[in-house]
Amino acid sequence: NAGVTQTPKFQVLKTGQSMTLQCAQDMNHNSMYWYRQDPGMGLRLIYYSASEGTTDKGEVPNGYNVSRLNKREFSLRLESAAPSQTSVYFCASSGGQVNTEAFFGQGTRLTVV
Amino acid sequence: QKEVEQDPGPLSVPEGAIVSLNCTYSNSAFQYFMWYRQYSRKGPELLMYTYSSGNKEDGRFTAQVDKSSKYISLFIRDSQPSDSATYLCAMRISYSSASKIIFGSGTRLSIRP
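Taken in sequence, the protein lines are chains L and V.
The first sequence begins at 2 in my numbering and counts up by one.
The second sequence begins at 233 in my numbering and counts up by one.
Heads up, some of the hints might be wrong.
Said to hold, decoys possible - Quick list of in silico lysine-lysine cross-link-like pairs, DSS-like style, CA-CA up to 30 angstroms: (1) Lys58(L) <-> Lys72(L); (2) Lys58(L) <-> Lys299(V); (3) Lys274(V) <-> Lys72(L); (4) Lys274(V) <-> Lys288(V); (5) Lys288(V) <-> Lys10(L).
Read the hints as simulated data drawn from the structure, not as lab findings.
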């Protein structure tokens with residue numbers, strides 16, 4: 002009964018380093034999302050994937066790339082990390098019986114120094 | 233201008249009080265409205281969702297939508313300390329899971345025993 006699983010839970014990067022945040026869901030959902038959450042800013046959509054093989058930009062896509070590897074997995078890549086990308090990153094999926102609901106992972110706390 | 237605006241609070245009320253949380257939005261195409269609750273260091277969880285104008289009640293929680301004013305509210309009756317969390321409104325244009333979900337910035341609520 003895992004739902005949405007994100008790895009890693011915590012990460013510290015140096016400016017300029019790259020990394021990939023992993024996300025997997027076991028609910029057979031079509032849509033998956035990446036959000037970042039900063040104090041006072043709420044959840045801002047980075048990228049989303051309406052279905053396997055498609056991806057679209059959200060509100061704040063600059064500095065990120067995504068891959069919808071298959072129906073279960075949706076990864077977020079930072080090619081050259083910047084301190085402005087210090088944030089909590091949430092992956093979510095939706096597409097079950099009640100399509101409006103998005104299920105969230107526990108988040109990845111990323112610090113770029 | 234952000235598509236969804238929400239007062240960030242924080243809001244502190246005594247136990248048993250009625251709480252009113254609000255969001256405004258600018259995109260008249262939004263049709264589905266949701267409220268998520270987020271406890272500290274956790275991912276958001278769906279509390280309620282509504283479609284079209286009107287009220288929807290679930291226990292101590294009532295969600296209200298006024299499309300003509302582009303204004304939504306969440307009321308919590310008989311508030312409990314366990315209701316202390318951040319509440320985020322969210323909206324989407326289509327019932328389809330292909331439609332992206334846009335969040336407000338969240339209101340931090342604290343219920344004093």
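A quick look at each hint next to the structure:
A threshold of 30 angstroms between alpha carbons decides the hint, and for Lys58(L) with Lys72(L) the separation of about 18 angstroms falls inside it, so the pair holds. Simply put, Lys58(L) and Lys299(V) have alpha-carbon atoms about 27 angstroms apart, close enough for the 30 angstroms limit, and the pair holds. Simply put, Lys274(V) and Lys72(L) have alpha-carbon atoms about 24 angstroms apart, close enough for the 30 angstroms limit, and the pair holds. A C-alpha spacing of about 26 angstroms is found between Lys274(V) and Lys288(V), which places the hinted pair at or below 30 angstroms, so the restraint holds.
For the proposed pair Lys288(V) and Lys10(L), the alpha carbon gap of about 36 angstroms is over 30 angstroms, so the pair is violated.
Of the numbered hints given earlier, the model fails hint 5 alone.
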